[in-house]
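Protein chains: 2
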Amino acid sequence: MLSTTETADARGPQAPDAGSAPLSPTDRTRLRRGRHKQRADRAELYALLDEGLFCHLGVVVDGAPRVLPTAYGRVGDTLYLHGSTGARSLDTGGEVCVAVTLVDGLVLARSAFHHSVNHRSAVVYGRPRVVDDEDERTAGLRALTEQVAPGRWDAVRVPTRKEMAATRVLALSLAEASVKVRTGPPVDDEEDLALDVWAGVVPVRSVFGEPEPDPLLREGIGVPRHIAEHRSP
Amino acid sequence: MLSTTETADARGPQAPDAGSAPLSPTDRTRLRRGRHKQRADRAELYALLDEGLFCHLGVVVDGAPRVLPTAYGRVGDTLYLHGSTGARSLDTGGEVCVAVTLVDGLVLARSAFHHSVNHRSAVVYGRPRVVDDEDERTAGLRALTEQVAPGRWDAVRVPTRKEMAATRVLALSLAEASVKVRTGPPVDDEEDLALDVWAGVVPVRSVFGEPEPDPLLREGIGVPRHIAEHRSP
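So the protein sequences, as listed, match chains A and B. The first sequence begins at 1 in my numbering and counts up one residue at a time. The second sequence begins at 1001 in my numbering and counts up one residue at a time.
The reader is advised that the hints may include incorrect statements.
[To be verified] Pair ranges (Cβ atoms, derived): (1) B:1136 <-> A:221: 53 to 59 Å; (2) B:1225 <-> A:93: 52 to 58 Å; (3) A:47 <-> B:1221: 22 to 28 Å; (4) B:1187 <-> A:196: 32 to 38 Å; (5) A:75 <-> B:1229: 50 to 56 Å; (6) A:50 <-> B:1220: 39 to 45 Å; (7) A:162 <-> B:1209: 44 to 50 Å.
[To be verified] From chain B, some residues computed to sit far from chain A (all C-beta separations above 12 Å): (8) 1038; (9) 1041; (10) 1110.
Hints were generated in silico from the structure; no laboratory data involved. Everything numeric in this text was worked out from a predicted model, so none of it was measured. Backbone N, C-alpha and C define an ideal beta-carbon position, used for all residues, glycine too.
Please model the complete structure; the sequences and the hints are all you need to start from.
Shown next as structure tokens:
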């Protein structure tokens, strides 16, 4: 399974600047346990983040953890998040942790102990910056929209001044990030290989169905190419 | 999108006991914003948790949030988590937050602002209890295994004493939990309905592929029924 045994545990020093730096520059993004493979290639981080549809954002509110599923978008080495200006969860001013997890398969071993999940997981730590510059705010919201459906931003009505004023845009550097990947068959104990138990992997994937038009859609508007060709199985 | 604008923000009082209590007993599990529907039915919480494959666990380590994808299992009103006895992340002794999120569709509106994601999301808050009783520890690990593949526990080698000793099992009450659901077409502004923009929902679902036998699988062991019939598309 996605076991907590396979996760970095130590708190590290401050992260260096992002840019072309390799991943895992701090102690807490370095894996301590487990057989899962840690990737050190920034391109793998980008690919994973670009494939994900949403993230889980961790914040601390009044000393307790809070985890929110939320949208994100990436521009270079920056992750953009957004929320209402009235939402307190994004108003903590403190550090956040963003996790994007893609599941690829159920790993069914001969022993309960060695069950696992094939997955790709990115975790980003940092203190987000509130974006004030209007151009960057627009670029961030564009990235958030494009994350859900590439090509969408140019096809829709862009935000009004009022909508922009109601939206907080946050920028999180990808400087301190880790990527963890588990692939392949189960890893059973040698002595269990003789057991009369089926073992293997059941692939899991996310697929997109036929687009369902809004009941209020005006007649004569067909499914645009950026949707029809998007994320097809 | 899964906007942070749609999430409860206030910290609440202590939660009452779980059992047959309705959901949302505290301020922080009560939704403050957005059009998404909050569910108050405990059966919906169970159904969502039973459908999920893994959760995102939020903890606070040295004052900073940490989010880990990890396995879970449910028995009644208790969620079980596990990890290595050496993993520091589960050793905080403090509160945790567990989120299980299922994505059902991309909500493509006529305006960028009203884009969203149809989803079902459960969030559980609490202070997990380290399980000492061996029977409950076994029941918890059984639930964790069955979550990934129902029927699996009875088909595999159960944990040895040594494996049990290396595993920490935690129990988290479902007393303080919320369920949030967004369904249906986009909700555009009235004046945008006339725009020449396609709007609607692209369904998203998780599907399971053909089981891939472990290369080390002994000859003559076919895919068992509990796998073949499991989570078929």
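> Is residue 1041 of chain B truly not at the interface, in the sense that its beta carbon sits beyond 12 Å from all beta carbons of chain A?
Replying inline: 20 Å, holds
>> Verify this label for me: residue 1110 of chain B is non-interface relative to chain A, using a Cβ-Cβ cutoff of 12 Å.
In response: The claim breaks: residue 1110 of chain B does not keep its Cβ more than 12 Å from every Cβ of chain A (closest is about 6 Å).
> Are residue 162 of chain A and residue 1209 of chain B spaced within 44 to 50 Å by their CB atoms?
Replying inline: 46 Å, holds
> Regarding residue 1136 of chain B and residue 221 of chain A, is the given constraint of 53 to 59 Å on their beta-carbon distance met?
Replying inline: Cβ of residue 1136 of chain B to Cβ of residue 221 of chain A: about 57 Å, so the range 53 to 59 Å holds.
> For residue 1038 of chain B, which was marked as not at the interface, is the minimum beta-carbon distance to chain A over 12 Å?
Replying inline: The claim stands: residue 1038 of chain B keeps its Cβ more than 12 Å from every Cβ of chain A (closest is about 14 Å).
>> Tell me if the beta carbons of residue 47 of chain A and residue 1221 of chain B are separated by a distance inside 22 to 28 Å.
In response: Given about 36 Å between the Cβ atoms, the range is violated.
>> Range first: 52 to 58 Å. Now tell me if the beta carbons of residue 1225 of chain B and residue 93 of chain A are that far apart.
In response: About 54 Å separates the Cβ atoms of residue 1225 of chain B and residue 93 of chain A, which means 52 to 58 Å holds.
>> Given the hint of 50 to 56 Å, is the C-beta distance from residue 75 of chain A to residue 1229 of chain B inside that range or not?
In response: 44 Å, violated
>> Taking the Cβ atom of residue 50 of chain A and the Cβ atom of residue 1220 of chain B, is their distance within the range 39 to 45 Å?
In response: With Cβ atoms ~43 Å apart, the hint holds.
> For the pair residue 1187 of chain B and residue 196 of chain A, does the Cβ-Cβ distance stay inside 32 to 38 Å?
Replying inline: Check failed, 55 Å falls outside 32 to 38 Å.
The structure is inconsistent with the numbered hints 3, 4, 5 and 10, although it conforms to all the rest.
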